[in-house]
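> Using the hints, position chain B against chain A.
Top to bottom, those sequences are chains A and B. Take the first sequence: its position 9, counted from the start at 1, is 9 in the working numbering, and no numbers get skipped. Take the second sequence: its position 86, counted from the start at 1, is 384 in the working numbering, and no numbers get skipped.
You may find that some hints are simply not true.
[What the hints assert, rightly or not] Only pairs whose alpha carbons sit at most 20 Å apart, straight line, appear in this in silico SDA-like list of lysine to any residue: (1) A:Lys149 x A:Val198; (2) B:Lys457 x B:Thr532; (3) B:Lys424 x B:Glu449; (4) A:Lys122 x A:Glu251; (5) A:Lys159 x B:Gly426; (6) A:Lys176 x B:Thr348; (7) B:Lys424 x A:Pro170; (8) B:Lys475 x A:Gly102; (9) A:Lys293 x B:Arg586; (10) A:Lys159 x B:Arg542; (11) A:Lys291 x A:Leu280; (12) B:Lys417 x A:Ala155; (13) B:Lys637 x A:Leu190; (14) B:Lys424 x B:Trp436; (15) A:Lys124 x B:Lys424; (16) B:Lys417 x A:Gly135; (17) A:Lys149 x A:Ile181; (18) A:Lys122 x A:Arg255; (19) A:Lys124 x A:Asn105; (20) A:Lys176 x A:Glu221; (21) A:Lys149 x A:Lys204; (22) A:Lys159 x B:Pro353; (23) B:Lys475 x A:Leu273; (24) B:Lys424 x B:Pro353; (25) A:Lys149 x B:Leu333; (26) A:Lys159 x B:Val359; (27) A:Lys122 x A:Arg137; (28) A:Lys124 x B:Lys417; (29) B:Lys637 x A:Glu221; (30) B:Lys637 x A:Leu196; (31) A:Lys149 x B:Lys417; (32) A:Lys159 x B:Lys417; (33) B:Lys417 x B:Thr532; (34) B:Lys507 x B:Gly426.
[To be verified] Listed next, the stretches of chain B that the computed footprint assigns to chain A, with coverage defined by at least 3 CB atoms under 8 Å from CB atoms of chain A: (35) 403-415; (36) 527-540; (37) 574-580; (38) 593-603.
Hints were generated in silico from the structure; no laboratory data involved. What you are looking at is a predicted structure, and each value in this text was computed from that prediction instead of being measured. Glycine residues also receive a C-beta, built at the ideal position from the N, C-alpha and C atoms.
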Amino acid sequence: MSSSAGFQLSSSRLIYLAVILVVAIPLVSGVLLPPARLASADRFYAFVEQLPVASGKIALLAFDFGPGTKAENEPQAEVITEHLMRRRIPVLVFTQYAQAQGFINAVPERVAARLNREHQNKQKWEYGRDWVTVGYRPGLSLFLQALAKSQDIPALFEKDVYGVELTSLPALQDVKSIRDIIFVGEFTGLSGIFDLYVQFLQTKDYTPPLGHGCTSITIPEAYIYLDSGQIKGLLEGVSGAAWYSQLLNQEYPQREPDSSQTMNTALGFAQLLMLVLIVLGNLRGVFSARKLKRSGVG
Amino acid sequence: MVVKDNQKGEFSSSRNYRDRIIAAVTFLGGLYWVLEFITPQAVLDKTGLTALHEPISYGFVAVGASAIGLGLINLLLYHGRKVLLLRQGWWASVTLLGGLFVMLGIGSADWYATHRIGKHNLEVTKLGLFTNSINDNWDSRNNSENLRRVELWINLATKIVVEEREVLNRVSTQEKKPEEAETVAELEHALHALDETIRRAAIEMDRLKDLGTDSSKIPNSWAQTAINDSWTTTLPPLITSTRRAQHRLSAVAGLYRLLIEGLFNSLAAAMFSLLAVYIAAAAFRAFRVRNIESALMMGAACLVILGQTSFGVAISGYLPTIRLWLLEVPSSAAFRAVKIGAAVAGLVMALRMWLSMESSSFGVKDKR
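Extracted from the complex, chain A is given alone in its bound form (with noise of 0.2 Å):
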């Protein structure tokens, strides 16, 4: 093996190292770093906090992520599911992605049961009063213009993930159209989904106010709504997700601790590595060159 493979290999295995370590001594350790303040998660949090809570009226979150973004998707929704249970403002779950399946039980269970060991059963958040899954709707597009042009959401989906009749539940008993629907959360990793609830889930006089999760990498094809208005609100990547949860934190100090500020904290560490990264190779190149200029190659 030449000289230069070698030490290709050789450092491509401390780079997998680094990197390793990096991620998961924050996350082992329980480092936590404050999160950096994001103007468009103030702004979804501003929003939330001022939609009305009135019978009849749900807010829809549609968790089209699977286990790939997961770790930037689900802790974004994780925050919101939590602010709108906070605020009593009954949640409909679904999701248009097969794979999301495991998550879309499990946050919105996962999140009443710490609500309900902070305020030890003085105030208590049950299935059916205060979330409904309704799970995995195929039919994109389509199953979006049918949700806007229903008289009656809960005939659309009719029943629930465990086969119980939508119209039992009393969260969604005086729910009709898309008019009772006062805000719309998405949350997905996945190019061209979110473009369809901007683009079908509207009627020629109501559009339901929106906001995105996104993965850090759409963040700049995100932008493009939030600053025309299409969307009020957006948690860029965990970093969003994790300055949304120090906003609740502020508002509810006795709140239990979530996982996005833990992951962003290990999040961050890994971008810093990555830039001393591209430092160090640049570094490297410059070197090489004037060590092959000063040899007379070249």
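Showing chain B alone in chain A's frame:
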């Protein structure tokens, strides 16, 4: 469409009837959506298309879902042939088909089990509705009909109580989450309430039997008070919660969780997490600043990354503001242009597919 026959120098038709049928069906299918979108709502309502739109939409979804069936058939054909004929790599095909059947079986069993929960919830909900019906249809002139209804009600209610107590006993002895333990206690309380209603109904039934046909002494319906009993509202969700707890503790649910959360989710997340280490290695080896453009790009990337981490905030309080400006102004402008371009290209591609101009998948390939 015609192609030139290179040997004879003559033109001949290369479209057979199959291609024409595919093109016609594609056109008609797309035509419905175009017309549905552009036609005024009043016209759609008058022609009755509004009422048909939802079933038509689900029909299209079903056609798309049939692709899953086609995929399954192809998998079985290809890998089944490999296994049966013991071709090279047949053991990998056995693994794949084995995994497929295991997941299909356990997934189907889990789905069936969760939907049976809905069935039990429906039985109790119907009991509540039946109670209302007895009250609403109480006929003081028809004692035998009243008696028949009350007897039927008692049989149904007793069956529900017996079934739910069995589930309750099973769940009570198993390890539960704290909220599930609370639900079990509440269910016990609700079943007591239903027992009490059954007891009152049984008393009523005996009185009805004693009265015989003496209509002057027919009492008011016992159901008048029963419709307001607490179990009518509390029992259905409690039964759902308890059966969910029972299902969670079952072998089928455990296996399903192992396959989905233990294997699939973990493996899929691990596959994506490999990207992190590869990008780190690529950043070290390949990310070189060689000219002004790459320097600008590198600088912008550093500012955006630092602006959203705690380190950036520690370096300078202006970094988040700079980051926000970069994303809101130059980045959004560029992405808007990309989006509009992609949308126009998508529209052109959609039009070509609708008119079957992109026919290479189905049509005869040119012989060149």
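> Checked against the structure, which of the hints given earlier come out wrong?
15, 20, 23, 24, 27, 28, 31 and 34
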